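Chains as they are written, first to last, in my numbering: chain A, 1 to 302; chain B, 1001 to 1610.
None of these hints come from the bench; they were simulated from the model.
Careful: at least some of the hints might be erroneous.
Listed next, the stretches of chain A that the computed footprint assigns to chain B, with coverage defined by at least 3 CB atoms under 8 angstroms from CB atoms of chain B [what the hints assert, rightly or not]: (1) 49-62; (2) 80-87; (3) 146-159; (4) 256-266.
It should be emphasised that the depicted structure is a prediction, and the values quoted were computed from it without experimental measurement.
Glycine residues also receive a C-beta, built at the ideal position from the N, C-alpha and C atoms.
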Amino acid sequence: MTAVPTSPRALRRARTRQSLARSWAAYRSQRAGMVGLVLLSAIVVLAVAAPLLVDQSQLSVTQATGGRMEPPSAEFPLGTDEVGRSILALTLWGSRLSLIIGLTATLAAILVGTAVGVTAGHVGGWYGWVALRVSDWFMVLPSLVVAIALLAVLGRSMGTTILVIALVSWSGTTRLVRAQTLTVQARPYLERARALGAGHWHQMTRHVLPNVLPLVLASATLLVPSAILMESSLAWLGLGDPNVVSWGSILNRASDNGAVSAHAWWYLLPPGLAILLVVLAFMMCGRALEAVFNPRLRGEGA
Amino acid sequence: MNPHALTRRFLSALAVLALTAGALAVAAPGAAAQEDDVDTLLIATNQEVDTFNPFKRRNVITYETSMMTYDTLVKMGTEYEPVPGLATEWVESEDGLTWTFTIREGVTWSDGEALTANDVAYTYGLLIENQAIHDWNVDFAGNLVSAEAPDDATFVLTLAQPAPWDVLTREVYIVPEHVWSQFPDPSADDANQLPLVGSGPFQVTEYKTDELIRLKANPDYWDGAPGFDEIVYDYYAETDAAVAALEAGEVDVVGSGMQGGLNPAQIEALAKQDHVTVNDVQGRRYVSITLNHGTVTQDGTEFGDGHPALKDPVVRKAMHMAIDKQALVDTVLDGSGSPATSIIPAIFAQYHWDGGDSLVQFDIEGANALLDEAGYERGEDGVRTMPGGGQRLSFRFYQHADNTAYATIAQFAVEWWAELGIEVVPEAIEQGELNNLAYLGEFDIAFSGWGVGPNPTEQLGMHTCAVLPTLTDGTERSSENSYCNPDFDALHEQQKVESDPDARAELVKEEQRLLYEDTPVIYLYYQNVMEAYDHDSVTGMTTQPTENGMVTGQQGFTWSYWSAQPVGGDGDEGGPSAWVWIAVAAAVIVVAGAGFVLTLRRKKTADERE
Chain A
1 MTAVPTSPRA LRRARTRQSL ARSWAAYRSQ RAGMVGLVLL SAIVVLAVAA PLLVDQSQLS
61 VTQATGGRME PPSAEFPLGT DEVGRSILAL TLWGSRLSLI IGLTATLAAI LVGTAVGVTA
121 GHVGGWYGWV ALRVSDWFMV LPSLVVAIAL LAVLGRSMGT TILVIALVSW SGTTRLVRAQ
181 TLTVQARPYL ERARALGAGH WHQMTRHVLP NVLPLVLASA TLLVPSAILM ESSLAWLGLG
241 DPNVVSWGSI LNRASDNGAV SAHAWWYLLP PGLAILLVVL AFMMCGRALE AVFNPRLRGE
301 GA
Chain B
1001 MNPHALTRRF LSALAVLALT AGALAVAAPG AAAQEDDVDT LLIATNQEVD TFNPFKRRNV
1061 ITYETSMMTY DTLVKMGTEY EPVPGLATEW VESEDGLTWT FTIREGVTWS DGEALTANDV
1121 AYTYGLLIEN QAIHDWNVDF AGNLVSAEAP DDATFVLTLA QPAPWDVLTR EVYIVPEHVW
1181 SQFPDPSADD ANQLPLVGSG PFQVTEYKTD ELIRLKANPD YWDGAPGFDE IVYDYYAETD
1241 AAVAALEAGE VDVVGSGMQG GLNPAQIEAL AKQDHVTVND VQGRRYVSIT LNHGTVTQDG
1301 TEFGDGHPAL KDPVVRKAMH MAIDKQALVD TVLDGSGSPA TSIIPAIFAQ YHWDGGDSLV
1361 QFDIEGANAL LDEAGYERGE DGVRTMPGGG QRLSFRFYQH ADNTAYATIA QFAVEWWAEL
1421 GIEVVPEAIE QGELNNLAYL GEFDIAFSGW GVGPNPTEQL GMHTCAVLPT LTDGTERSSE
1481 NSYCNPDFDA LHEQQKVESD PDARAELVKE EQRLLYEDTP VIYLYYQNVM EAYDHDSVTG
1541 MTTQPTENGM VTGQQGFTWS YWSAQPVGGD GDEGGPSAWV WIAVAAAVIV VAGAGFVLTL
1601 RRKKTADERE
């Protein structure tokens, strides 16, 4: 115990720093989480740097130099597609869209889910009842079927795909957040805050939300891979925008152009493995985060 | 774990496997014996049945079942020429309004009743008198005045306007009066009652949704009994699954029965199989892009929201010049097709127009020069604007969302047009919605494509002034793209009544030239038919046309399925007889049983030892 902070703001900052350091230490102690983090950083760096690594002209069909579905060679390490473009270039560029869609959809789902969850838990009453029933309704709907139906109605574009994925995945977060809100509400300091005259808004944003956020973060990390998987499934089923390059749309083109019959594994494997890797990385991070925020989940240590 | 336990487990597993194999072996000869009795031609399909009513059906699959179940007066030959069907001969009157057909004698329906001219008169009568049937076929039925059968062997058809080619090529499936007159309303789906009664080579007897359509051969078919005892359309959800089934010998024919057909990669894979013959020949289908040059109604009211620049023929021509059709054929189709000039594909050699001196060559520089000359100047962003500094040349390009070939073509076109300083934004839309927008005129550029029939009147007729809509709500869908040119219309009427085939062909070619030069549509390519069949189980299928023709997707009559013969004939020659199978199965069961008993005993001793 050296310097004791004087102002309340400094005190708060110091506490935050302390708790972050504690969480980081807890996270670091999990090997799977670290592996996931490294993997994820590598993928994000590759996705962000894709325009530097591979010129956009490699996506052009009129300037494609390769043959039709050429197997891997020195010039095309992962072979070519049916118009002669490099699969490596396509997969690299595809990562951008897959990640953007996965992250944006998750963000939207989490925002809606948290807002509904916190208000449902805090306000309760008939509003809470209605909010819960609505989220139940979305939870029991088979998500892929609903997504397909919605895309057919709304048309296909990146925006609608994000919207649809967010729409079918927000309800889980709502449940989680509401439960956590209820436990936080029961704590004495909230009663104290109420006694001191804190309004609903103050209680929700200053007391409930900060206590709910870690949980939300962990569940968001677990939601991203399912969003990416859903985007890929939809695109693979031919429900994505065929004019953009994402992992799912590469798979869709591969199967439509008979890569399966032609045994062109180089056309199918790279986007498939990329999806697998990203999902795996997010899962590893998400599990580790969960363990950080919920000590009961922490095992013997990796 | 002791080693005995492991061995025991392994042996039990083996015994179970052997037992199952034995059971299968016993079951197998039963199934095989059943199939030996009946020679079945298995065709892969994934198309749903709309209705078996031949007047109402619209799908390709029911077109084929109708062709096999029923007969027409005049059949379409293997070279798409009229050949005798139920009518042995026909005479057109001087004024072209009265047609007299002599009906073939001795033809019977599949239920044994005799077929007479009365059945023919009844069928044509339905087209004239039954309101619903009349409306569905109004383009032909609207011209019919009367249908009479003065005696059992003569049928007389009277028209309002001469239309020799319509009469000879229109497929009117003759239905049995003694069955159909029992239906309260022949336009209803009552004609779905299976088995169907017809006079064709095969009749539909069984249909299970998404499972199979079974057609039984008609051994008394007037032109000779078919080689197979039955045809079964087998449903496959995915073309790749149908390809795998053909590789495994589970299906005999894979072709146009699968929507979208086979693709080059699948053909290549199948070509490597010893028992498969692949057929990659010119087809009847064209793929085109429609340019919205202004949608109008018959009274000249403009509607829709097409880009004004597309009304300028110079812009349309420049866009046409910037498309390398050969490159599209090479990359999108892997060479399985040919660049298109106009609406009639090259397979109909007598009507196809090859472009002659007007053929547009791929020339980006030339196209740029055209646009420069016409005053379309490039803005700072490289995109041209309308003369006088008007609107930017930025077009919407609608494509069918489920078609990846279109997506590739769109990407090519967008890149080529970008070099002209034309910005084009592709957008994938569901087919139904795309059609809605197209008929409302709310598009700039859109994909289109048709399978063309042997009578050019049909396709060319969609480009006449007479079929322009009267309303602006997009519900009248007879005009392909609001094309209206009086010269074209005059030629079109002339070819309809021209009885001399060569003179008619000249008129049809002239129509195509006008269409090509006005460029309301850019015809991209004619797509090949890609199909494959198992030559170890089916042989002798007549193609249409005979030279380099197709087996699936035939027009007017299914020559291929009628002439198809099973390979090997009797099942006795192939494979061991049923007795051998039973002996093998018995042996397997004995061995397996012994193994099982042995394991049990071992288990006992092992248990005791432990």
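Against the structure, the hints:
Coverage of the stretch 49-62 of chain A by chain B holds in this model, with 3 residues showing a Cβ closer than 8 angstroms to a Cβ of that chain against a need of three. Taking a C-beta to C-beta cut-off of 8 angstroms, the stretch 80-87 of chain A contributes 3 residues in contact with chain B, enough for the three needed, and the coverage statement holds. With 4 residues having a Cβ less than 8 angstroms from any Cβ of chain B, the stretch 146-159 of chain A passes the three-residue criterion, so the hint holds. Chain B is given as covering the stretch 256-266 of chain A, and this holds because 9 residues of the stretch bring a CB closer than 8 angstroms to a CB of that chain, at least three being needed.
Every hint from the earlier list agrees with this structure, and none is contradicted.
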